[in-house]
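Using the sequences and the hints given, assemble the complete structure.
Number of protein chains: 2
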Amino acid sequence: MASPTSILSLLLLVTAAVSSAAAVRIYPREHVVRAEGDPRCESWKFAVEVNAAGSWKTVPRPCIEFVREYFNGHRYLSDSRAVANYSLTFAYSVKLGKDHGRDAWVFDVDETLLSNLPYYRANGFGSKPFNDTSFNEWVNTGSAPPLPMSLRLYKKLKSLGFKIFLLTGRGESQRVVTQKNLLRAGYSGWEKLILRGTDDEGKKATVYKSEKRAELVKQGYIIQGNSGDQWSDLMGFALAKRSFKLPNSMYYIP
Amino acid sequence: MASPTSILSLLLLVTAAVSSAAAVRIYPREHVVRAEGDPRCESWKFAVEVNAAGSWKTVPRPCIEFVREYFNGHRYLSDSRAVANYSLTFAYSVKLGKDHGRDAWVFDVDETLLSNLPYYRANGFGSKPFNDTSFNEWVNTGSAPPLPMSLRLYKKLKSLGFKIFLLTGRGESQRVVTQKNLLRAGYSGWEKLILRGTDDEGKKATVYKSEKRAELVKQGYIIQGNSGDQWSDLMGFALAKRSFKLPNSMYYIP
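Respectively, the protein sequence lines represent chains C and D.
full-length UniProt numbering puts the first residue of the first sequence at 1, with every later residue one more than the last.
full-length UniProt numbering puts the first residue of the second sequence at 1, with every later residue one more than the last.
Take the hints with a grain of salt, since some may be wrong.
Here chain C is said to cover these stretches of chain D; the calculated rule only asks that three of the stretch's residues, wherever they fall, bring their Cβ under 8 Å from a Cβ of chain C [said to hold, decoys possible]: (1) 41–47; (2) 52–61; (3) 243–249.
Capping the alpha-carbon separation at 25 Å, the derived lysine-lysine pairs in BS3-like fashion look like this [what the hints assert, rightly or not]: (4) D/Lys203 to C/Lys241; (5) D/Lys204 to C/Lys95; (6) C/Lys128 to C/Lys192; (7) C/Lys192 to C/Lys156; (8) D/Lys241 to C/Lys204; (9) D/Lys203 to C/Lys212; (10) C/Lys95 to D/Lys57; (11) C/Lys158 to C/Lys218; (12) C/Lys57 to D/Lys241; (13) C/Lys95 to C/Lys192; (14) C/Lys192 to C/Lys155; (15) D/Lys241 to D/Lys156; (16) D/Lys241 to C/Lys203; (17) C/Lys158 to C/Lys180.
Don't read these hints as lab results, they were simulated from the structure.
Yeah, the Cβ is synthetic: ideal placement off N, Cα and C, and Gly gets one too.
Here it is in structure tokens:
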């Protein structure tokens, strides 16, 4: 049997081939390298992604170009792919219950299943404070594309027999447009789409999402995996057995 | 008053100046860039640092050189500095109790206060499975240097009035050599050095460390901050108000 390390090496090699091709297509090589080599912004991103940075409202000015290149170049896709691959490796290791009915996977929506990159590309890549009005206008177009790695993972989890729950910070008023957008992006067959109701208003995302996960646990589900781009998707209580942090250095949700 | 964003921008600029100088000193520029530009290993590191990779025993073969350059070049120091700076920003924001006696900060030891880089440099930078015997021989020399950013943070926290607890996976048999090493590296004045006792043998690090933190809470301490290079230092129960994940892509402790 191949060892986990050799499987990983193979995954990395495949990733490299695909990623290099994508990078060449989008940017001249030296352009990509310049942003990658900026130690200030690499370390800012590190601190953000491991949740050491705490609450922040906008990308620091010296890193706006870095963030733009991260998302426009190959790196965002490559990081997303690595996390999706590890998620799937874990999913395969789960011994699903005989009735295949209790093993759940929780997905966040924005920057997890759906990508708001078209909006952020047109709005400075997190360099401006969050604008509720213009973001909701974008959401209401229902045209957010899928994150390709998440779509692939989603479909495989479904075929393995996981019950899929979508848990989003979006409000009930956006239920219809969110459903439409998800279907249009290629997602289907989820068990439940959970949005913020009137009772959840004003709650921090960590609390709201933990409470909703706790309800699932109370209903008998075993939350095996949880995928989200914010630590507030993954922390608190009623935690999944494994949590998968997707990259996002454009914005922070407490 | 300066906004948090402008303070951050300033920190980043200072970091950049110092880091660039360090990079030039250690490696020709193009050497650094090559390793940084490897998307396979950047994404592997991403997955490792956000704890999506789960348990792993050795650095994947294609990334050994990447890891070597990360630790030998400017990036390790730069990432450590970013996390230490955010830790300190948080520490300054804590309103310490009047008697300055209950606010605690928990530090891990290896790859948090002390650096085992001399050992890992001589032993393939995490490319070989962990060797208990040779690592303990190294520990018993008591010659691990401090992580410079952690030493700076440690001294500032102490001067602010935090009670400092050192919580390590090392065993009681290494108490004396660990104390000596810490003092030699410049650390002093901790409240307590907690090592694994006979009761703690065989426990996963997350459980052992959570139990020890819970004891501190029971004794009336408020664990404000917790610094560690492993997620098992930071997860579980009796969590700190803020947890600070330091970089470590050389090894994983479950």
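Going through the hints against the structure:
1. Chain C is given as covering the stretch 41–47 of chain D, and this holds because 6 residues of the stretch bring a CB closer than 8 Å to a CB of that chain, at least three being needed.
2. Counting residues of the stretch 52–61 of chain D whose CB falls under 8 Å from any CB of chain C gives 8; the rule of at least 3 is met.
3. With 4 residues having a Cβ less than 8 Å from any Cβ of chain C, the stretch 243–249 of chain D passes the three-residue criterion, so the hint holds.
4. Pair hint D/Lys203 plus C/Lys241 holds up; C-alpha atoms about 18 Å apart against a cutoff of 25 Å.
5. Restraint check for D/Lys204 and C/Lys95: satisfied, since their Cα atoms lie roughly 22 Å apart, inside the 25 Å limit.
6. Pair hint C/Lys128 plus C/Lys192 does not hold up; C-alpha atoms about 33 Å apart against a cutoff of 25 Å.
7. Distance restraint check for C/Lys192 and C/Lys156: the Cα-Cα separation of roughly 18 Å lies within the 25 Å cut-off, and the hinted pair is therefore satisfied.
8. With a C-alpha separation of about 15 Å, the suggested pair D/Lys241 and C/Lys204 falls inside the 25 Å cut-off, and the hint holds.
9. Simply put, D/Lys203 and C/Lys212 have alpha-carbon atoms about 31 Å apart, too far for the 25 Å limit, and the pair is violated.
10. For the proposed pair C/Lys95 and D/Lys57, the alpha carbon gap of about 23 Å is at most 25 Å, so the pair holds.
11. Between the alpha carbons of C/Lys158 and C/Lys218 the distance comes to roughly 22 Å, so the proposed pair stays at or under 25 Å and holds.
12. Proximity of C/Lys57 to D/Lys241 is assessed by CA-CA distance (about 20 Å); at most 25 Å being required, the pair is judged to hold.
13. Restraint check for C/Lys95 and C/Lys192: the C-alpha separation of about 23 Å stays at or below 25 Å, so the hint holds.
14. A distance of roughly 16 Å separates the Cα atoms of C/Lys192 and C/Lys155; the hinted pair therefore holds under the 25 Å criterion.
15. Straight-line distance between C-alpha atoms of D/Lys241 and D/Lys156 comes to about 18 Å, which keeps the hinted pair within the 25 Å bound.
16. The suggested pairing of D/Lys241 with C/Lys203 holds, with an alpha-carbon distance near 18 Å, which does not exceed 25 Å.
17. Restraint check: the Cα-Cα separation between C/Lys158 and C/Lys180 comes to about 19 Å, which is no more than 25 Å; the hinted pair holds.
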